[in-house]
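Sequences listed follow chains Y and P, in order.
Numbering follows the numbering used here, with no gaps: position 339 of the first sequence is 429.
Numbering follows the numbering used here, with no gaps: position 88 of the second sequence is 178.
Keep in mind that the hints were calculated from the coordinates and are not lab data.
Ideal Cβ positions, reconstructed from N, Cα and C, are used throughout, including at glycine.
Cβ pair distances, simulated, as ranges:
| hint | chain 1 | residue 1 | chain 2 | residue 2 | range |
| --- | --- | --- | --- | --- | --- |
| 1 | Y | Ala348 | P | Gly207 | 28 to 36 angstroms |
| 2 | Y | Pro382 | P | Gly207 | 32 to 40 angstroms |
| 3 | Y | Glu120 | P | Asp325 | 32 to 40 angstroms |
| 4 | Y | Leu92 | P | Ala113 | 49 to 57 angstroms |
| 5 | Y | Glu356 | P | Ala275 | 48 to 56 angstroms |
| 6 | P | Glu570 | Y | Asp471 | 27 to 35 angstroms |
| 7 | P | Asp106 | Y | Asp471 | 51 to 59 angstroms |
Interface residues of chain Y toward chain P, partial, derived using beta-carbon atoms under 10 angstroms:
| hint | residue |
| --- | --- |
| 8 | Pro205 |
| 9 | Leu206 |
| 10 | Arg514 |
Computed list of chain Y residues with no C-beta within reach of chain P, every gap over 10 angstroms:
| hint | residue |
| --- | --- |
| 11 | Trp136 |
| 12 | Asp146 |
| 13 | Arg152 |
| 14 | Ala276 |
| 15 | Ala316 |
| 16 | Thr413 |
| 17 | Ser432 |
Okay, here's what each chain looks like letter by letter:
2 protein chains.
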Amino acid sequence: MLTTTDPATGTTQETDIRVTTAAETAAIAESAQRAFESLRGNSREWRAGLLEAMADGLEAHRAELVSVSNAETGLGEGRLNGELGRSQFQLRLFAEALREGSYLEATIDHAGDTPLGHGPDLRRMLFPIGPVAVFGSSNFPFAFSVAGGDTASALAGGNTVVLKAHSSHLLTSRLSFEVLHAAAAAFGAPEGTIGIIFGTDAGRVLVADPRIVAVGFTGSLGAGQALLEIINARDAPIPFFGELSSLNPLIITPAAAAERTAAIAEGLFGSFTLGSGQFCTKPGVAFLPIGPTGDAILDDLSARTAAAGGMVLLNSRISSSLTSILGRITGEGGARVVAAGSDGGPGILAAPTLLEIDADEFTAATAEEAFGPVMVVVRFDTLDQIFRAVDLMPASLTATVHHGSNEPELVRQISDRLAPTVGRLVFNGFPTGVRVSWAQHHGGNWPSTNSQHTSVGVSAIRRFLRPIAFQDAPDVVLPEELRESCTSIPRRIDGSLVLPA
Amino acid sequence: MLTTTDPATGTTQETDIRVTTAAETAAIAESAQRAFESLRGNSREWRAGLLEAMADGLEAHRAELVSVSNAETGLGEGRLNGELGRSQFQLRLFAEALREGSYLEATIDHAGDTPLGHGPDLRRMLFPIGPVAVFGSSNFPFAFSVAGGDTASALAGGNTVVLKAHSSHLLTSRLSFEVLHAAAAAFGAPEGTIGIIFGTDAGRVLVADPRIVAVGFTGSLGAGQALLEIINARDAPIPFFGELSSLNPLIITPAAAAERTAAIAEGLFGSFTLGSGQFCTKPGVAFLPIGPTGDAILDDLSARTAAAGGMVLLNSRISSSLTSILGRITGEGGARVVAAGSDGGPGILAAPTLLEIDADEFTAATAEEAFGPVMVVVRFDTLDQIFRAVDLMPASLTATVHHGSNEPELVRQISDRLAPTVGRLVFNGFPTGVRVSWAQHHGGNWPSTNSQHTSVGVSAIRRFLRPIAFQDAPDVVLPEELRESCTSIPRRIDGSLVLPA
Chain Y
91 MLTTTDPATG TTQETDIRVT TAAETAAIAE SAQRAFESLR GNSREWRAGL
141 LEAMADGLEA HRAELVSVSN AETGLGEGRL NGELGRSQFQ LRLFAEALRE
191 GSYLEATIDH AGDTPLGHGP DLRRMLFPIG PVAVFGSSNF PFAFSVAGGD
241 TASALAGGNT VVLKAHSSHL LTSRLSFEVL HAAAAAFGAP EGTIGIIFGT
291 DAGRVLVADP RIVAVGFTGS LGAGQALLEI INARDAPIPF FGELSSLNPL
341 IITPAAAAER TAAIAEGLFG SFTLGSGQFC TKPGVAFLPI GPTGDAILDD
391 LSARTAAAGG MVLLNSRISS SLTSILGRIT GEGGARVVAA GSDGGPGILA
441 APTLLEIDAD EFTAATAEEA FGPVMVVVRF DTLDQIFRAV DLMPASLTAT
491 VHHGSNEPEL VRQISDRLAP TVGRLVFNGF PTGVRVSWAQ HHGGNWPSTN
541 SQHTSVGVSA IRRFLRPIAF QDAPDVVLPE ELRESCTSIP RRIDGSLVLP
591 A
Chain P
91 MLTTTDPATG TTQETDIRVT TAAETAAIAE SAQRAFESLR GNSREWRAGL
141 LEAMADGLEA HRAELVSVSN AETGLGEGRL NGELGRSQFQ LRLFAEALRE
191 GSYLEATIDH AGDTPLGHGP DLRRMLFPIG PVAVFGSSNF PFAFSVAGGD
241 TASALAGGNT VVLKAHSSHL LTSRLSFEVL HAAAAAFGAP EGTIGIIFGT
291 DAGRVLVADP RIVAVGFTGS LGAGQALLEI INARDAPIPF FGELSSLNPL
341 IITPAAAAER TAAIAEGLFG SFTLGSGQFC TKPGVAFLPI GPTGDAILDD
391 LSARTAAAGG MVLLNSRISS SLTSILGRIT GEGGARVVAA GSDGGPGILA
441 APTLLEIDAD EFTAATAEEA FGPVMVVVRF DTLDQIFRAV DLMPASLTAT
491 VHHGSNEPEL VRQISDRLAP TVGRLVFNGF PTGVRVSWAQ HHGGNWPSTN
541 SQHTSVGVSA IRRFLRPIAF QDAPDVVLPE ELRESCTSIP RRIDGSLVLP
591 A
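If we strip away everything but chain Y, and leave its shape as in the complex, we get (with noise of 0.2 angstroms):
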């Protein structure tokens, strides 16, 4: 039987989960599969009603899903009770997209005389793809596990899900899946709607069953690579939409560092020592300004940093791993610790740490993301120094600047400068903290994702959609959405974007 730990004790019991055999694996894929079938004639609005189903679901059982998942990931109960909100919300906007119909790309070109002879009647627009493998991350007992974004985009889009627990939360995910499943089932969805295995065994089975059409996934950049291996061996290839690694580059201009110095500093720390630094997008690496202004920001830095308690990190292989990366950007990456909390304590503790560095001494080896409360604050003069130290480093998923109130040119010169592998661009804020909107994109370039598209937010639902054509169709083969009749939705008709009636 597998495991499970409660990392703010330290005490691991036995479950009575056990790995998912293959034989299982492929039962659950063709499950997966029979259920995408059926669901084919549903309507949207049916869907919407699905997710919605699933977002009351989890509001009813909140209490046992918060107690649950607190006992395995020590987030606490307020950032888990936020967390759960998270979850249903991002259902809930996914069936408000659903019934809002953009997201299909309806597009009709009528038959006609064009520049190269007559054209046939053309409608397109986009379909869900089949059963899709969610990965669920560590650092998100709901909003990227089993009840997260992946598994409400995928099901928005009319796909099928299989989720592969993740070992650090298996009481969590199974309760999850539970909740989520009897949901499905209360609304009449069919069996194999969503599904659940256990077991590292098991997801690399899941990826390679010939019935899974795409991998969402979030989590470290070498489970990624060898989940894409496997990929890349099948017989016919899918699309792994993966959410890997990433630095997130934080700029302070000196005159952000003099007009804010005390409210950048509180928030700084709380940036970088969010769910104990275990966020995707925490700043990994803050450029800060030589004088006096920046050593102010610092001291307030090294002195909460100080101050501060042992801070509960997910499983001992985070810890470890962490034990080591900081041993590596102090070694070889040349940072020098400034500043470190306490680690004592019971569970499985990190110290917050401050790091620093001359932007002249930063090297490839100092820009490795150390997943956990620990910052490496670089000192600069010139813009220059930063571009360089920022060249060094992967690409991100954010980078941030804090600029003055009145500096345009040098703001456009950072953004410009960081804009381009990166998927946001934040402002005079943080970068942890992901609004799930419409205009939210959660990406950038390798390797911090894989992909052109998002996690988060309602363009996420693109991932898991396919385009289809039909030419000179008959109204009974078309969707509802392209027949001429339909009104309720945007379209785009011979060229030009057309509104509902």
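Knowing the structure of chain Y, use the given hints to seat chain P on it.
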């Protein structure tokens, strides 16, 4: 020096083109990278003008381009004139899409209270990605080659392009490049906006080059897989948009066969022999009912096939491959030759060939794509026989149904069964001839393509774009399209689609 062959005569001559060295390829990629940086500041209107200047350049050199191409491809002046028109049309259609602006997916969520607390201001749109490698295909020396759709869509997105010339039409590739390059230079585009390389090894070097951020490819499954292997070995994997192989099943219902016997035979013969059958959308397998009307269509097809002369193939590799494949389809594949045209005469010729097999004898070995004027007719009694055979085929770009005037239920059943794996479903028409328009989709499941995007039509631009979100950004860093003041393009604002003022 590399050689070029006139397939209509079989005459081979030395060109003055040599294989691009690895150092030259790297320099061309570097130049593309520099040009990309310098293009960033240019407007959509500027890029629309660039595309139109390129289209004008192609028109100004029409006679020369068609003449050079005809001597390398044997496709004939009529076809090549039409195809050159299509290349221009594609460029102009993307110019139109640039001015319209929807393709940017500009989305704004204003700051405000949300069920999850305060939400920051978020503004997302799509941005260009960098230098794109485009591999020209053999069978469309204009529309899917140097002056083709991948080039047009990559440039439209604001990217730069490095072309890999197809070995089968080197002089056409170079001339097309010179025309486009001169038009771009005259328009004021920086050197490196488009570049070209020659030789298979140079293509491999290009795909491995760290400056290349995506690959557009139309060609064989084997060549595509070889490029995918190079991509998988890169430090940073990049998207590969490949269009690889397609059988394009076509079904003729008994009612259709009875209602339009002669028209179907005539159209089908034209479709499978168009361009000597060297179309990725050629119907490779046609299902024809057992019985007198099916026999009548087969007789008509046979007579047309037997009466046809040898058809010029693009090169000797296609010719020898076609001979091998025909051997396998008639050997292990079990199909019988029912009619074959002549293959006498000078040049690289194929005899148009019609094969037949009973549906119950159809196996995976019968389902091999034969790139040339070859079609397998499958005789059936029941729908189940068709579906069993289709299940043995790899996924295709298209599927086609010829149905009678009053069999809605049958049409729906066939459509529902074929739609899930193809990119385009054609009704009472033929799959060859792909309309270039807003609603087109030229794609399909592996191995027809490996992507959820199209390579024909306006949405092809999405392959070469990625989102960036700006959080609480000052106007000075925002592109014009994301500023509050912009009302010239469709945008989604706080969840609602807003059309231009």
